[in-house]
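The primary structure of each chain is shown beneath.
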Amino acid sequence: MKVRFWGVRGSIPVPGRTTNRYGGNTSCVEVRPRNGSPIVIDAGTGIRRLGKSLMEERFRDGKGEVSILISHTHWDHVQGLPFFSPMYRAGNEINIFARQRDMHLEAVFSAQHDAPYFPVPLSAMQATTSFHEIVEGAEFQIGDAWVSSARLNHPWIAIAYRIDVDRASVIYCADTAPFSDMLFGREFVVAPPSGTLSPSMREELHAMRAGVVALAKDADLLIYDTQFTPEEYKIRPHWGHSRPDDAIEIARDAKVKQLCLFHHAPMRSDDDNDKILAHYQNVVHQANDRFTITSAYEGLEIALGDG
Amino acid sequence: MRLKFWGVRGSIPAPGPETNRYGGNTSCVSIATASGGLVIIDMGTGLMHLGNSLLGGPFGKGQGKAAILLSHTHWDHIQGLGFFAPVFIPGNQFTLWGPGGSDGVLESILEGQMDPNFSPLQTLKNFSANFEVRAVKCGATFETDGLQIVAREHAHGGTTALAFRITEEERGAEGRKKVFVYASDVGYPETGPDAEAIAHYADADVLLHDTTYKPEDQATRRNRGFSSYEEAVAAGIAARAKRLVTFHYDQDYSDDDVDAIIARCRELAAPSGMEIVPAAEGEEIDI
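As they're listed, the protein sequences go chains A and B. Under the working numbering, residues 745 to 1051 are what the first sequence spells out, in order. Under the working numbering, residues 224 to 510 are what the second sequence spells out, in order.
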């Protein structure tokens, strides 16, 4: 399979000269099995260009099929969908998988397309779009690919996906906070928590982390939310994002082969991203870790397994 | 009035080297008024960068005050609000004027953007600053920061948007009141703007007008409710505007495409004497 990054940014798209190399589009990753339809993870603004590229293939003739796995429905993971060209061509089949919400998923996604926010309602888009509600732990098949999932520690709950195909595996682990300081659920958290976690919360976080490590076990590629530096995390532990240090610990415990830093902070310049990558490559080298580290940028393509 | 452009792009932010010169952020313009006030028009992603630039001044200390004019509630005009740092500092005060018949309905539309399915903020009530929302009906006149503002509703595809005619009370050096008109997301019928629209723009010192499309692209997308640069230039000439600011470039247009649009606008405007000023992120215009 080939893994290609179309959007690597967290929170909000950031056009401008300081983001030219890593890219300013929000989260979107394409997983292309050697045979079969593309699988897309998350639909941030990066999906706009992916859509244009798909329209050069059978999607132009309304004969395409694509599965979109949504980690969670925060804006930076869904906001590109109204600009995904294959949805405007009759005959294309779009399968959207996302975690069950209080409302039916179709209602959640429709809200983004409806007046007074957007001119083209979801119901007016010509492709056939189906919504598949899942819960963490779900396992299912897409063509030759096997998809499994686990819960992450993020406001209103996000899920991580693992895709196994072509004798290789990739894990997409965004968005998540570390599993140490806070347990995220449905509350709005205005400030960093004070006091210690209750034993039951600690236990739940411990189990959640074990679930992520198990999901990532022996994977070829682990893509991980590393929005914060350790200094930034100290101020914003209540925002639901991790540090490269957290990703490295998961990568070690799961014995992955490659770790990819992802979901870069909006104000992070290309030069800062270079420095972060160099620093953590050195950390991994000094520790004699067996995995390599890369940092995701728009256009990065990683071939895994049987290609 | 001194204008500054923070976002000039239409529909969706367009990052990449090919948009570096004009900018890829969605709509946001600020006005520094002669009386020392700050008025913000539209809240696209450019608003985040405006907000960050304000933190060094009174807004960083919770002593800031600004008015916000909202043309309409499509994403590219509101998506910066949750990332506008000054709203998270207690003491800052904002009054937003936007389209609608009811303050509560307009507030709930903005609140819909913060819905917990989509945003960790969950509700506007989680803003620490004071954020007041006022609905403006078509033709309404209101005043803020020494500016007199008239809002006119125009067609924008299947919906409508407000164009703001902004007159500064303080007279300029030549003893005349200065006029700035903001008319983004304008969808004229094929017959062009009516007399009422032209009257709204009349004699503007600066007319900022939607120039989303090249005419050939607009021809296949007229139902989307955006202007071509030809329509914008024609409207500016008909209204005897002194300067026309091009704005809200299509997300697929590169800087080179916009250069070509500007060159063509200048050719079209030359006989009238109207000056063409391209909106570009970071640029400022004195009126």
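The hints are simulated quantities; they were obtained by calculation from the structure and are not laboratory data. Take these hints with a grain of salt, some might be off.
Distance condition first, Cα-Cα at most 25 Å in a straight line; then the derived SDA-like pairs of lysine to any residue [as the list claims (entries may be wrong)]: (1) LYS284/B - PHE932/A; (2) LYS796/A - ARG445/B; (3) LYS348/B - ASP846/A; (4) LYS284/B - GLU976/A; (5) LYS348/B - ARG980/A; (6) LYS978/A - GLU439/B; (7) LYS796/A - ALA442/B; (8) LYS796/A - ILE312/B; (9) LYS978/A - ASP473/B; (10) LYS284/B - LYS796/A.
Covered stretches of chain B (chain A as the covering partner; in silico rule of three or more C-beta atoms under 8 Å from a C-beta of chain A) [claimed, not checked]: (11) 238–244; (12) 289–301; (13) 340–349; (14) 376–387.
Source: prediction; values computed, not measured. Note that CB positions come from ideal geometry on N, CA and C, so glycine has one too.
Evaluated hints:
1. LYS284/B - PHE932/A: Holds, at roughly 24 Å.
2. LYS796/A - ARG445/B: Between LYS796/A and ARG445/B the Cα gap is close to 21 Å, so the pair holds against 25 Å.
3. LYS348/B - ASP846/A: Judged against 25 Å, a Cα distance of about 21 Å means the pair holds.
4. LYS284/B - GLU976/A: Roughly 21 Å between the alpha carbons, so the hint for LYS284/B and GLU976/A holds.
5. LYS348/B - ARG980/A: 20 Å, holds
6. LYS978/A - GLU439/B: 53 Å, violated
7. LYS796/A - ALA442/B: Holds, at roughly 21 Å.
8. LYS796/A - ILE312/B: Violated, at about 41 Å.
9. LYS978/A - ASP473/B: Measuring from Cα to Cα gives roughly 40 Å; hence the hint is violated.
10. LYS284/B - LYS796/A: Violated, at roughly 45 Å.
11. 238–244: Contact hint for the segment 238–244 of chain B vs chain A: holds, 5 residues under 8 Å.
12. 289–301: holds (count 5)
13. 340–349: Check passed, 8 qualifying residues.
14. 376–387: It holds: at least three residues are needed, and the segment 376–387 of chain B offers 3 whose Cβ sits within less than 8 Å of chain A.
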